[in-house]
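Student: As they're listed, the protein sequences go chains V and B.
Its first residue numbered 1, the first sequence is counted upward by one per residue in our numbering.
Its first residue numbered 326, the second sequence is counted upward by one per residue in our numbering.
Among the hints, erroneous ones may be present.
[Said to hold, decoys possible] Now the in silico label distances, taken between C-beta atoms and shown as ranges: (1) V:33 with B:557: 51 to 59 Å; (2) V:213 with B:571: 51 to 59 Å; (3) B:577 with V:82: 46 to 54 Å; (4) V:33 with B:372: 54 to 62 Å; (5) B:586 with V:320: 46 to 54 Å; (6) B:504 with V:150: 36 to 44 Å.
[Claimed, not checked] List of simulated lysine-lysine pairs, BS3-like, C-alpha gap at most 27 Å: (7) V:128 with B:339; (8) B:582 with V:96; (9) B:416 with B:461; (10) B:339 with V:32; (11) V:33 with B:583; (12) B:509 with B:416; (13) V:195 with V:47; (14) V:174 with V:195; (15) B:583 with V:91; (16) B:510 with V:174; (17) B:583 with V:96; (18) B:509 with V:174; (19) V:150 with B:339; (20) B:416 with V:33; (21) V:32 with B:587; (22) B:586 with V:91; (23) B:339 with V:91; (24) V:33 with B:586; (25) B:416 with V:96; (26) B:509 with V:96.
If you are wondering where the hints come from, they were derived from the structure by calculation, not from laboratory data.
Here the structure is a predicted model, which is why all the values come from computation and not from measurement.
In this text, a Cβ means the ideal position worked out from N, Cα and C, and glycines have one as well.
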Amino acid sequence: MITVRDLHKEYLVSEKGKGLGGTLKSLFRNEKKIIGAVNGLDFHVNKGEIVGFIGPNGSGKSTTIKMMTGILTPTSGEVLIDGRNIARYRKETVRKIGVVFGQRTQLNWDLRLEETFELLRRIYQIEKKDYLDILEVMDSILGIGELLDKPVRQMSLGQRVKGDLTAAMLHSPKVLFLDEPTIGLDAGSKYALRKFIKEINTIRGTTVILTTHDLGDIQELCERLIIINNGVMMDDGNLSEIVERIAPYRTLTVEYYDSIVPTHPKAEILSAADNVVRYKFMKRELTAARLISDLSSLHPIRDVGIEEAGIDDIIRIAYAKTVQS
Amino acid sequence: MFSSSFRKYLFICKTRIIRSFTYRFDVFGNILMQTIVMVTTAFFWKALFQDETFRNGITADNMMTYTIMSSVLSVLFTTGVERRIQESVEKGSIAIDLMRPVNVFGMFFAEDLGNLIALLFQNLLPILLLGSLLIKVPTIVSVSAIPMFAVSVILSMAINWLTAAIFGMWAFTAISMDALFQVKKHLIRLLSGSIIPIWFFPKWLAGILNALPFVYIYQLPLDIYIGSASNEEIQGRMLIQLIWVLILAALFYLFSKKSLKKVLVQGG
Ligand SMILES: Nc1ncnc2c1ncn2[C@@H]1O[C@H](COP(=O)(O)OP(=O)(O)OP(=O)(O)O)[C@@H](O)[C@H]1O
Ligand SMILES: [Mg+2]
């Protein structure tokens, strides 16, 4: 569906002089600095996948999305959508994709929502019947119907994002790109958006690629994660598989009857306070049941609790690892 | 019969016309300014000429027609493409333009055309009317000159729009080109014969200007309108005008592909 091959993007940042003189001078000769925002990405996304594209601020996610959507031309390398190079055949290829940027809108500020949709209907040459069908689907998932008459300038952020999602789906794209779609949304709107993504993925088979800094989005939506930093791929795999690899441990919290700290050869003690001791242990080496039974044979136990490594731990570790390397 | 791909540009154009009528508030200021400049210039020529005739038989009356028609043409030569590109790059909304299955320059052109159609009613007609009332009725030299005038105005509009679009392409790769666009605007006004016909310029300067595309924007159609040149001369100059359209179209085609590859998108 989507193939990214040795993708690079360099930004030329010019230190330009002020005023007319500076402008004129910079036309001919200027001090330029090259910033490598994306430095050789390779990956493939199959039809029907939901891929979380994550990485710290400034790691090149948005730049990559812009190249995958034909907005920016790669410095080198290529992006193939359905086998077509999007930089080369932008006009034809963008029909197959939908794009939503959480931080900007494609809706026309001066028009009512429905008028922008009508403009898009003409631009994408969508049959009236298909258009009405899609609107109905969108209404059932997002409740877009009641917003159609509203001028975009009067919409709240949450309403606007719903409008943008609908706008991106009007031409039934095979792939949907979402760059930080949940940014600034409240819990209810986030829930609606995640539900929307899951539904279009299952019902329509839409492939989804999204960037986000929201751990909830990742946990709920992404079967697969691509982690990048400094424009380089750091990790690519199933969420559970990455968790297994990066954080293959659990924590066991044990409450004893007395203030004692029993040890176990295969478990590390994280903290001990009052009667409560926290142990960290590797899933591979030890089962929780075994640890509990070993400990209880040493001392009577009053209560236990088991925690998996959280998605936030995973992300923190993955990002930290990438900074070192 | 329009092809279906052509229809989407038609719709963009239509949307723009409606928008211009709904949201344009600066119409009156614009008409007022244009009228003041037009009337002042007309009476300046009147005072200068008195009852004399210039060497190619031009009278004060001709100059007044020239001035009114120059103002009228200036409405037709209104382009938004440079500002449009500049603003989209500044705001980063160029990303939205590029993610749609349209030829962006086709879209810019359709938008300019829509604006222009609105301007015909909002600016061109009022100015023509005010000019006729306050100065004189600007009649064309002869009915037989009408077709030539029309053709050359269309070619002028092509030169004007292509020049604007080519200049606008600079803005794809740099943030602020405003200063440059201003310089270009004033240069065109001066060098195109829009204010002062180039027959008033020294011979050598007029020679240079004749080699540049700008005089083919204002001077040529205006010469046709007031009949200040012979038919053979006009035909020769229209040929040059056509050649400029072709040259600029070729440059436009060449640069538009390249410039889009260098588009800069501001912001996340
Ligand atoms: N228009 C631009 N001109 C110059 N440099 C840019 C431009 N856009 C992005 N960059 C630089 O490229 C790098 C990657 O930016 P990008 O926006 O792709 O990051 P990101 O992963 O989306 O970050 P975030 O999580 O903050 O959205 C950054 O160092 C940024 O400063
Ligand atoms: Mg970003």
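Student: A range of 51 to 59 Å was offered for this pair. Does it hold for the Cβ distance of residue 213 (chain V) and residue 571 (chain B)?
Tutor: At roughly 53 Å between Cβ atoms, residue 571 (chain B) and residue 213 (chain V) fall inside 51 to 59 Å, so the hint holds.
Student: With a cut-off of 27 Å on the C-alpha distance, tell me whether residue 339 (chain B) and residue 32 (chain V) pass.
Tutor: violated (42 Å)
Student: Take the C-beta atom of residue 577 (chain B) and the C-beta atom of residue 82 (chain V), compute their distance, and say whether it sits inside 46 to 54 Å.
Tutor: violated (31 Å)
Student: With the threshold set at 27 Å, check whether the alpha-carbon distance from residue 33 (chain V) to residue 583 (chain B) stays at or below it.
Tutor: holds (21 Å)
Student: Within 27 Å, alpha carbon to alpha carbon, are residue 509 (chain B) and residue 96 (chain V)?
Tutor: The given pair, whose Cα atoms are some 40 Å apart, is violated under the 27 Å limit.
Student: Regarding the pair residue 150 (chain V) and residue 339 (chain B), is the alpha-carbon distance no greater than 27 Å?
Tutor: holds (21 Å)
Student: Tell me if the straight-line CA distance from residue 195 (chain V) to residue 47 (chain V) falls inside 27 Å.
Tutor: Between residue 195 (chain V) and residue 47 (chain V) the Cα gap is close to 19 Å, so the pair holds against 27 Å.
Student: With a cut-off of 27 Å on the C-alpha distance, tell me whether residue 583 (chain B) and residue 91 (chain V) pass.
Tutor: holds (15 Å)
Student: Between the alpha carbons of residue 583 (chain B) and residue 96 (chain V), is the straight-line distance 27 Å or under?
Tutor: Measuring from Cα to Cα gives roughly 24 Å; hence the hint holds.
Student: Given the hint that residue 509 (chain B) pairs with residue 416 (chain B), test it: the Cα-Cα distance must not exceed 27 Å.
Tutor: holds (23 Å)
Student: Check the hint pairing residue 33 (chain V) with residue 586 (chain B) against an upper bound of 27 Å on the C-alpha distance.
Tutor: Cα-Cα ~19 Å, so holds.
Student: For the pair supplied as a hint, residue 582 (chain B) and residue 96 (chain V), confirm whether the alpha-carbon distance does not exceed 27 Å.
Tutor: holds (22 Å)
Checked against the numbered hints listed earlier, the structure breaks hints 3, 5, 9, 10, 16, 18, 26; every other hint is satisfied.
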